[in-house]
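S.K.: Please put together the full structure from these sequences, using the hints given.
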Amino acid sequence: MDVRSAWGKLVVLLILTALGLTFLAPLLWMISTSLKPIEETMTLPPQWIPSELRWENYSKAIMYQWDRAEDVVPPFARYALNTLYVVVLAVAGTVISNALVAYGFARIPWRGRNVLFALTLATMMIPFPVLMVSVFAIFRSLGWVGSFKPLWIPAWFGSAFNIFLLRQFFRTIPNELSDAARIDGCSEVGIFRHVVLPLSKPALAVVALFCFMYTWNDFIGPLIYLTDKKMFTLSLGLQFYQSQHGGTQWNMLMAASTIVVLPLIVVFFLTQRTFIQGITLTGLKG
Amino acid sequence: MQPRLRFLAWLLAAAAVIAPLAIWRLPGESPMPGRTVITYWEKWTGFEGEAMQATVDAFNQSQDRIFVKLLTVSQVDRKMLLSTAGNNPPDVAGLWSYNANVYADKGALLPLDDYCNRAGIGPEQFIPAYWRQCIHRGHIWALPSTPASTALHWNKRLFREAGLDPERPPRSIEELDEFAKMLTKVDAEGRIVQMGFMPSEPGWWNWAWGYFFGGKLWDGRSKITCASPENVRAFEWVQSYAKRYGVQQLQAFQSGFGNFSSPQNAFLSELVAMEIQGVWMHNFISQYAPSLEWGAAPFPYPADRPDLANTSIVEEDILVIPAEAKHPDEAFEFLKFVASEPGMELLCTGQGKNSPRVRTSPKFMAEHPNPYIRVFSDLAKSPNAVTTPAFSLWQEYSTEMTTAFDDIWLLRASPAAALQKVQARMQAKLDREIRQWQRRGKSYIPDEVR
Amino acid sequence: MASPVAARGGAQSRRNLRNGLFFVSPWLIGLSVFMLYPIVASFYYSLCEYSVLQPAEFIGLGNYQDLFSDELFLKSLSNTLVYAAISLPLGLIVSLGLALLLNTGVPFMSWYRTVFFLPALVPQVAIAIVWLWIFNGKFGVLNQALQPMLDVVGRALPGDPKLTAPGWLSDPLWSKPALVLMGAWGVGNSVVIYLAGLQDVPKQLYEAAELDGASWSQRIRHVTLPALSPVILFNFIMGIIGSLQFFAVPYVLSPAGSPSRSIYFLTMYLYDSAFTHLRMGYASAMAWILFLIIFVLTLLALRLSERHVYYGGE
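Chains as they are written, first to last, in my numbering: chain A, 1 to 286; chain B, 1 to 450; chain C, 1 to 314.
These are computed hints drawn from the structure, not numbers from a lab.
Here are the simulated lysine-lysine pairs, DSBU-like style, with alpha carbons at most 30 Å apart:
(1) Lys229(A) to Lys69(B)
(2) Lys421(B) to Lys176(C)
(3) Lys176(C) to Lys162(C)
(4) Lys326(B) to Lys149(A)
(5) Lys106(B) to Lys230(A)
(6) Lys442(B) to Lys216(B)
(7) Lys230(A) to Lys149(A)
(8) Lys75(C) to Lys106(B)
(9) Lys69(B) to Lys326(B)
(10) Lys69(B) to Lys336(B)
(11) Lys223(B) to Lys381(B)
(12) Lys60(A) to Lys229(A)
(13) Lys149(A) to Lys69(B)
(14) Lys336(B) to Lys229(A)
(15) Lys229(A) to Lys326(B)
(16) Lys75(C) to Lys79(B)
(17) Lys230(A) to Lys326(B)
So, partial list: chain B residues that the calculated Cβ filter (under 10 Å) puts toward chain C:
(18) Leu81
(19) Thr84
(20) Ala85
(21) Asn87
(22) Tyr103
(23) Gly107
(24) Ala108
(25) Arg432
(26) Arg435
(27) Arg439
What follows is a list of derived Cβ distance ranges for each label pair:
(28) Pro177(C) to His139(B): 46 to 52 Å
(29) Pro177(C) to Ala119(B): 56 to 62 Å
(30) Ala119(B) to Leu173(C): 56 to 62 Å
(31) Pro177(C) to Thr402(B): 25 to 31 Å
(32) Leu146(C) to Arg439(B): 48 to 54 Å
(33) Pro109(A) to Pro89(C): 42 to 48 Å
Ideal Cβ positions, reconstructed from N, Cα and C, are used throughout, including at glycine.
M.R.: In structure tokens, the structure reads:
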């Protein structure tokens, strides 16, 4: 049977629909549970549609264990603020530093450039655990353990993957543009700012987006470096919530999970095209 | 730029505006100005936590130089170690006694010898079983904070029902077995409805049965001894209960027990007539089963080993100062206060525990909430007080022993075979540890042998 | 290099060097502080007894020797390899299969693509928590859905055996398959990559194949897969690196790798050694073994694929 025939297409469509529902089911189940009263999470057989929508599960999850004497906002909001803080600083650092470095690799011919670039690519093979202990020792001697610094400061010094991504993009910008600017007396920094950066917005958006995703989801970094409960990020807060109350209040736990997942989904829908392009770029040009 | 990207850029800008709020917070509990604030991490919650807070409050009121801030921290031992490694530890931490030797060897604790010398704190003031848990390789690493000893608890009403003298607990193991038979009830369908005694309840000291028969788990040097004849005898005794009543019946019976801290607790709901419990049990009795008629007495010993009378598992929590603490002097002031007679008695009365100090004020004994406090206090002083083996492998060892207990209790293995297995595995680990220390030119075996 | 300005010799090349180094300077710091130094230091630590609190003490190969007599290390290593060996091929089949289905020119393709991609957005911690609920032995929706199917299958089999749904995360035998299933749910990234790769396959190749009378499956075997092979290889290697470092999901499910250490993976033991037991040297030795395994497997993948990967037009 040919998949391009009408029947073939119908069969493929049916298969895709079945698989698609399977893929969506866990997310739907999460949302459905998050809106149920607690008794309904424990009915057999499980119900997909809650008998009534308990939106207050969300406010309860957010307000959970709020000791007003300790903090001006509830813990969950505190986790969100902390995450936001780290994300903003990390994203800004990633975009700025990697754009600079990639420009140096892509647009200026200098001695030793290719050797350094090869070395940069080679470091992508190094698994994180190899670095974990020594990097911890460095931050310890700086007195940064227990602060947010280890989570965002490294972002200001470039990363091999992003340098590679941006370098590939910068190389596609015609040299004639920079040469023209150079003849007009523009400095290298000026060319970077006024010629290359404005043309690279999609690539910078990709880098920013991935950095946002990575930092939002990061678990092991906060696990190692954050000791104070008030400084937890959402990932760590969610895990903490789970380990304290897992197996009891699934509706609240699912509401909390939904809150953590939702911003990612919103950002994804806003930037779908950039996103898909970005992923394609990372997977194909390796 | 795509309009959506522009929207995203706005979103990011908004986030950038909100994010700095992360470092904006209320200045916690505002301590008195001019005082040095020290942080103290403790694991206790509930009434034990409240008693600790009361002690902290008393300290804060006792002087105007230092302010102790108590924070309840889960998994306090791990967190304290990690934060010490990160150069960012609390000034005081409340740990379990088995942490002391391991953490001391890692360099995570501040030795307290000089402080104690200057403050005149020494072994003569503390009951040996408690003091020795603070010592490792000849140095003082901690001071006692929450001491306890364990004893046989029995249900007087059930004794009376079974025709036993409610005021006379069993003295020997043989008597215990005999009483237990009389106190056990099985219904017409063969289901257990009441047990006289059950070695698996509460299940917190499953590794310790050997000590009641004269066994030891470690020779204090290089040998693991859990498969010694005394230990095997103890676990054969444990298994005799499973053989007598049947694994399935016991499991079915056990599945009816509720949470420990609830009225459905096996002892509190009068399902089990005798069990080994700590001095704290009284708190739970008065909270969940105030009308329970109970008594506490030393756990029985084998009739042929009268030298083992007054064997008791003696546990404690300790206060330590992490190696990198910012205010060690102020921290020790607090430790000193807690270890002093008034501090300790305030804490132990509040937590319902016996004092780790050799001497107690008459008021402490007279006004202690636990009517059997003298039993627990004497047991702590007994030469047969048992403390957990003070070596780095203890946590693994106790896990292995618990697994072996399960195999024995569920009749999956003979006691000798199960204990042999543990002994072989732990001996290999101990040998490895000793080798590692030798490689560094040091001796693993601590000079302070228990 | 074609820049006419660049060819002006001495002064220009010095200026380029200066400019180049200026732009690259953040990375020079990053590379040396967060990469090169840590790599060297971690190798040194792996030869030491190092608790972070006391200076590192050199003990030669002691950590490596101890690792191979450490039951828990061997257990976590075998768990990791078993997980990778199941999840990598399965992930490949699922993602490639989905991409092929999406590439048949069905309507609403981008909608379906979004649906398959969404789970890949979910953070690891949330994945673990949501699936913990789905796999829940009593109220888990998965077993509720499976049981009726198993009943039907049971009745159809000779002797009417009563089939019961597995205990998933409470059964050492099923906990790894449960993790594989969770992993397969998050293949969205690969699907998008493969799909893009498929769309890059030159149309002429298909047309030529069709002229030769090749069927759909033949076209896939002889045109699509060879053309896609470099992408598959690249993603497979990234998959090796990723799955051998599997951490967040099993750690959230159970930090001790319960039941029976069946989901205790190498990176979890590494984390515990470093940050629960403060045996940083031991952890570093583990990290280097992990690196060695990744390195060998990558080389192996490159070697074995040599004959099958087709780099067209380059």
